[in-house]
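Visitor: Spelled out, the chains give:
Number of protein chains: 4
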Amino acid sequence: MIDKEIKVLDKGYVKLISFMGSDNSPLSDARLSSQAKPDIKRDDGLRSYLWENEHKSTFQSMICQIELKLPLFVLHQLHRHRTVSFDGLEIESSEEGFRKWFSPNEQSGRYSKFEDEFYIPEKVLAQDTKNKQGSVDTLDINSQALFMTELATHNEYGYEMYTRYLKFGVSKEYGRLFLEPNLYTRRRVTGDFVNWCNLEKLRLDPHAQPESRAYAQGISEILKFLWPKSYELFEEYTLHAVKFSRTEMEVLQYLASTYRLSDFDPAITKEWETKLGKKRFESFLIKIGIS
Amino acid sequence: MIDKEIKVLDKGYVKLISFMGSDNSPLSDARLSSQAKPDIKRDDGLRSYLWENEHKSTFQSMICQIELKLPLFVLHQLHRHRTVSFDGLEIESSEEGFRKWFSPNEQSGRYSKFEDEFYIPEKVLAQDTKNKQGSVDTLDINSQALFMTELATHNEYGYEMYTRYLKFGVSKEYGRLFLEPNLYTRRRVTGDFVNWCNLEKLRLDPHAQPESRAYAQGISEILKFLWPKSYELFEEYTLHAVKFSRTEMEVLQYLASTYRLSDFDPAITKEWETKLGKKRFESFLIKIGIS
Amino acid sequence: MIDKEIKVLDKGYVKLISFMGSDNSPLSDARLSSQAKPDIKRDDGLRSYLWENEHKSTFQSMICQIELKLPLFVLHQLHRHRTVSFDGLEIESSEEGFRKWFSPNEQSGRYSKFEDEFYIPEKVLAQDTKNKQGSVDTLDINSQALFMTELATHNEYGYEMYTRYLKFGVSKEYGRLFLEPNLYTRRRVTGDFVNWCNLEKLRLDPHAQPESRAYAQGISEILKFLWPKSYELFEEYTLHAVKFSRTEMEVLQYLASTYRLSDFDPAITKEWETKLGKKRFESFLIKIGIS
Amino acid sequence: MIDKEIKVLDKGYVKLISFMGSDNSPLSDARLSSQAKPDIKRDDGLRSYLWENEHKSTFQSMICQIELKLPLFVLHQLHRHRTVSFDGLEIESSEEGFRKWFSPNEQSGRYSKFEDEFYIPEKVLAQDTKNKQGSVDTLDINSQALFMTELATHNEYGYEMYTRYLKFGVSKEYGRLFLEPNLYTRRRVTGDFVNWCNLEKLRLDPHAQPESRAYAQGISEILKFLWPKSYELFEEYTLHAVKFSRTEMEVLQYLASTYRLSDFDPAITKEWETKLGKKRFESFLIKIGIS
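Protein chains in written order, with this note's numbering: chain A, 389 to 679; chain B, 389 to 679; chain C, 389 to 679; chain D, 389 to 679.
Bear in mind the hints are in silico, worked out from the structure with no lab data behind them. Treat the hints loosely; a few may be bogus.
All copies of an identical chain are treated as equivalent in the list; a pair is satisfied when it fits inside any one copy or across any two copies.
Stated by the list, open to error - DSS-like mimics (lysine-lysine), calculated; alpha carbons at most 27 Å apart, straight line:
| id | residue 1 | residue 2 |
| --- | --- | --- |
| 1 | Lys-612 | Lys-555 |
| 2 | Lys-501 | Lys-395 |
| 3 | Lys-501 | Lys-631 |
| 4 | Lys-631 | Lys-675 |
| 5 | Lys-511 | Lys-555 |
| 6 | Lys-429 | Lys-589 |
| 7 | Lys-429 | Lys-501 |
| 8 | Lys-658 | Lys-617 |
| 9 | Lys-667 | Lys-631 |
| 10 | Lys-617 | Lys-631 |
| 11 | Lys-658 | Lys-631 |
| 12 | Lys-511 | Lys-399 |
| 13 | Lys-663 | Lys-457 |
| 14 | Lys-666 | Lys-457 |
| 15 | Lys-631 | Lys-612 |
| 16 | Lys-663 | Lys-631 |
Note that the coordinates shown come from a computational prediction; the quantities given were computed from them, not determined experimentally.
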């Protein structure tokens, strides 16, 4: 997997550079703190327990460095938290947690010359006029084609100006003002498993911009390869988990209280218990208030 | 509220030193990003929306500095993430997120002499032998009293040694090796609303050690005073929220799918809709799969 | 000073939004840790001592929020550490320390429409062909004028495309691909004194890009207004301080060892002692090896 | 080196658990940003250039996890910044930079029982009564011996109480209130090279408490083993570097201005130039103002 380019978008990639730690690292770290002996039969249970109960620091000695080739606007977007709109007011804010552990090195274009590589989208989305939550796929093919052509032409002209003025002696930092944000650049990012998962959680969201989601999917291939069991825990307890507020829980508990466990087909309750495990099934019933 | 000591435990306190920002700070920050105009009628809705959708950086210009007088062991515990046990294996790990924004100044005892002040618990808990999750309240009164007396005596002797050896010329950093972790110290901590809430979430938990919980409660009085509306959002969407894993959601959705909304008393569904608001009620029904 | 716009570049500004803490905050924090009493006569000495000896956490309860209107490329540059070149190889990397304490909210243009405001430089610098350290001011006036006109034209055309495609229904996140990095945006940043000083140190450097330096100068006006005595310490011990490596110190000490203090005019040594204070003058002589 | 215990103090150790990255990592990261080709002859020069010019993020993909067995008071001290006194006022504050990248897991004693292992110092230092800067080595042997015996007795009695009350059923979190801060515990810390160097800079200082310095020395053996060339740069440009304030530089430049380079023995100036390299020697002369 190391140094293998996983293709993303029309000209980009993600690539594993180096890593440390395995799916077993959280186990030995946790066992140190309680001086317990290794016990293979309980490994999966312990790992799951650690993630579910948010002992995430035990997953922070699993670290990897990834190289990305990506358009500038995606790079800047990876630092931001996307959101839906509020009654026509639309907001986007930084997500601090995400940036904490990263030590990126970025190609800057202040010194080196950028290559003539721009991202041209395969599909151009329309504004979602109903809820303004972002984009939807309803733009006619002709408008899309026109957009792509005009964008490529604008990029080309800008790049020509960039090249011409560099030749005139204009410094690169001024020359690059002609280059649009779909220009490709390269970056290396080092992060631990917990931080990569924070990025995945935000960017694998169906509402995330398709280009960011494409990079999140590329990164997830690397994470699954390196730490398959830990990544599964992320999917179960974080990526696909759903949170209910206090008031929502009140409604849910009222709803659930109209049932008794005995109302259900024993085959089905047995299946639930198997899926979740006996203990978690019990604690689940308590959470929603079924007796 | 500034400089007012809120008593905690037998000899401790928490005290607000200074602050910036109000419940309206997140609103003006969010409206900057979309260049929207103020609109008082929608203030509560927007603030709630921002917190619920995790636009927490808009709450990070609400900052306060708090002074704590607390036993050393509580101070060290505030840096740690408590946990329940796993089949007899018991683990405790750091919670990184918590420490991120704090800039504490602490009385150290390396230079200044500690005063003769030790925390003596009012109630000494027993080990929870069933699930080893921590402590329970089943120790007989006599054992408790004996414990308190012996602890006070041990502290007194240690403090006597500490004083004697300082007089002999032993440096304070060696002298304090005689002092147990229930010694009181003072500390100032500066944090933003989001970080204080992280601490509250961990320490207001019923399983948290009683002494830490007492400080979290003292801090919550300050937070509620400064930012009552934001604190309410923390309670609704974070402190008392409940998360369900992917598999738990499958069971929950199966359970809910056996209902139709029309099965319920319209007065009750009306009440739910009022509590949650129309939009959130709709999205709640979608989350659990009732049509 | 609050809400007062300090003009920067052709259309930008910096503006103080809110703050907490004064030049005296580090004093009371430090005195807590040693339980010392206030002593006005020693205030300046203590503050100076704290900064000089890198007790910077005592300056971290001085916090302010600043709003910036700035071109996108300056915004992105504020996250990066500038450097000179190494034998023709030119590098630019992130400076992690800088980003640590900031909680920015940024206007994104994914939702709100950008206004037609672009930064056009007053002076366009040439590439420094000798040492490639960045830019020098040797470009002829005509080339500069041509550059400015062409850039403005390119911006105008891009903005026209942006507007046209938004009308066609293209979503804002695709539309903005037509907009160059000299587009203006707004951002609010909250940071403590230590972090603002880190930014100042990097961006007030004579080698920093002129546009970034202009914002650093605007910010320094706010910092000097809020905390004049602390800012002076930053200037004395950090901004204008010079570091010598181990080997450089060896050379320096050899050089200095050829002197005795008595070789100098007593009036001059007296002046030095007054400037530095007796104690610091003594420790300075020891540092460089004059006896 | 992995899993090898490096002995520290009477019963402690440091031990490398895992790592990633080599002395060449900063080179390939830096070359990515400028798309330059590898060039072995310039490797040492580039690495040195990166560190000297504070492009430290290129050293942040060199990461290692270290296990420490250490007394509780040393553990807590590793989080704090030591200082000398100011006219009798003595201060100690946190050093935020240090904590940034660490994800420690610590044995807590809330769940697991502590072993009967306490640190007894070999040498007990006296308070430095002259400048109160800490400790000096002037305590008579008899007082030292008495201190050690009394401390061991006090520890023993405390541990006996601890054991007795655990048997009575007192929970571990209360039981451990009997245990002094010279109790040994274990911890694992994961950090990158830059952060480990921050710790080394603070704790290798001759004024640091001897016990902390002992751990810093143990850690330096690991760092030197893993990244010998990078560690040398840390020694040259950071550990043994000396910083002069603006006013000190004025004095220094006055002093130096009385010389011309031609005043010195050419053999000596040749030697300087060789030690520092031609470029750095030139920039050194400019820094101190010799022409």
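Visitor: So which hints don't hold here, by number, going up?
Guide: 1, 3, 6, 13, 14
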